[in-house]
Amino acid sequence: MEEEVLLPGQLYKREEELRQIFLGNIKLIPEGERIKQCIQCGTCTGSCPVSYKMEITPRQIISYFRAGEISKILQSNSIWLCISCYSCQTRCPALIKITDIIYALKQTALRKNIYSKKFLVHPLRDTFINMMKKYGRLNELWLMVNYFLKTNPLKGLSYLKLAFNLLKRKRYALVKSQIKNVDALREIINQSTKYKLPVEVYKPSYKEDVVGYKAVG
Amino acid sequence: MEYTYYPGCSLHSVNKQYDKSCKAVFEKLDIKLNELEDWNCCGATFYMSVDEITSLSIAARNLALAEKSKNDLMAPCSSCFTVLSKTNRFLRRHEELHKNINSILQSIGLEYNLSVRVRHPLDILVNDVGFELIRMKVKHPLTGLRIANYYGCQIVRPEKGFDDRENPVTMDKLFEMLDADSVYFPVKVKCCGAMSMITAEDVALKLIYEILNTAIENDADLIVTTCPLCQMNLEAYQDKVNKKFQTNLRIPIYYFTQVLGVALGIDDEKLGINNNFYISEKLREISRAPMLTTIYDGPTDELKRRQIK
Chain A
1 MEEEVLLPGQ
11 LYKREEELRQ
21 IFLGNIKLIP
31 EGERIKQCIQ
41 CGTCTGSCPV
51 SYKMEITPRQ
61 IISYFRAGEI
71 SKILQSNSIW
81 LCISCYSCQT
91 RCPALIKITD
101 IIYALKQTAL
111 RKNIYSKKFL
121 VHPLRDTFIN
131 MMKKYGRLNE
141 LWLMVNYFLK
151 TNPLKGLSYL
161 KLAFNLLKRK
171 RYALVKSQIK
181 NVDALREIIN
191 QSTKYKLPVE
201 VYKPSYKEDV
211 VGYKAVG
Chain B
1 MEYTYYPGCS
11 LHSVNKQYDK
21 SCKAVFEKLD
31 IKLNELEDWN
41 CCGATFYMSV
51 DEITSLSIAA
61 RNLALAEKSK
71 NDLMAPCSSC
81 FTVLSKTNRF
91 LRRHEELHKN
101 INSILQSIGL
111 EYNLSVRVRH
121 PLDILVNDVG
131 FELIRMKVKH
141 PLTGLRIANY
151 YGCQIVRPEK
161 GFDDRENPVT
171 MDKLFEMLDA
181 DSVYFPVKVK
191 CCGAMSMITA
201 EDVALKLIYE
211 ILNTAIENDA
221 DLIVTTCPLC
231 QMNLEAYQDK
241 VNKKFQTNLR
251 IPIYYFTQVL
261 GVALGIDDEK
271 LGINNNFYIS
281 EKLREISRAP
291 MLTTIYDGPT
301 DELKRRQIK
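Each protein sequence line maps, in turn, to chains A and B. Counting in our numbering, the first sequence runs from 1 upward without gaps. Counting in our numbering, the second sequence runs from 1 upward without gaps.
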């Protein structure tokens, strides 16, 4: 793929595809298109409590997106470190919905299966979703048990003391309670994952504005 | 007054004391809570990262169920509160999205017409019930109790809700009205690490350390929280924090409804105080003191009095 010669403003095929999905996801966010207004001031990175651990900081995420490097963002640890505290979004002087944009990137990564499998957030999320589809509600105790069985049972042992403390104080529910109408919930999940947003929601003119160096070409 | 109550998963398992104390406080104030029938998990932050439409539809099911009664929906868990109000906000601002979500809901015979208001109990207690009504019922003023008010990230953010996003004061004012002292606590809306405690432990421990340390350095007797995840993170991992940072931090973490419940003279059993890992001796003393026989007259300190008015 690297040998492909690109004209200025042209993107690799895979990148173009990612961009389309990402922009589609952004359309669902109210005022999501404000991503265009970024002035690269770095308030988001400064406000983020975990940016010091990120390979690509929140400010850089927008900059990488502008440069047509979405695949690099998706491969980094950044979006999976975000814990949705909304500090960046609250403080952004350009009113960009940064946390929501990071969600859009996560959705893009999962849709195209581009992410490093070593991040522990993935097995945790999968366990969570399985439980939810099965019962419609969550049971934290069983969530942790299933998660540690799936990943690293030995690490689970370091939580034994905590588990013991919780049991001692009667803070548990052994029975996984199921909601009555769990079929309806599954139906919703089923329908919505198949759901395609009608075409009229997409406004193709949007793409032109963002690809920065099209102007140069 | 009546509210529809959406407890959320956490309040039914690990954080029972929040559920108990919420119910006890509202019962004491003669407010009826009707638990939402057959509610499902809100999807939390996890579903949002998988698929937006799915996550919004799951949350919208709860909202559609709540719409059957005319009451506001009360969600004590910060995560549920954010997800439900975010869903509301997205659907209200995005007509197309609302239409699409409704067509998904129609497949199971539901419809959502955007009329439900999602509220946090703190908001309800301060803005609907009001200081005056609470003051009349106070049995144990919290005189001399030094509280670090920790709001966490998700009840005041992302959109401006019932309080300021950087420096919320609702809880500070509530406890100052009960004659407690709010300590200087600049990390009141800083993140506690949430789920990253399990997926990226070192990141979360640093955040927890900062919060605990700030509270202890400012001589707080206890930290008061509004969120099950914050309570769990701050309380249950103190040993891990001490091991990692070579410190000796120890501070009780209470729900705001538990502390308020003590002030209203509800007994410890009903508030689930014994479910907490660490018990505040000072608060225990207050709860064992003889009850007021007269109506509580507000804080003794003139300055505090003026601030509340």
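The set of hints was computed from the structure by calculation and includes no laboratory data. Mixed in with the good hints there might be a few duds.
[As the list claims (entries may be wrong)] Example chain A residues on the side facing chain B (calculated, C-beta under 10 Å, incomplete): (1) N25; (2) T45; (3) P49; (4) Y52; (5) I56; (6) H122; (7) R125; (8) M131; (9) V145.
The C-beta atom is built at its ideal place from N, Cα and C for all residues, glycine as well.
Item to complete: Mind listing which of the numbered hints don't hold for this structure, in increasing order?
Response: 2, 5, 9
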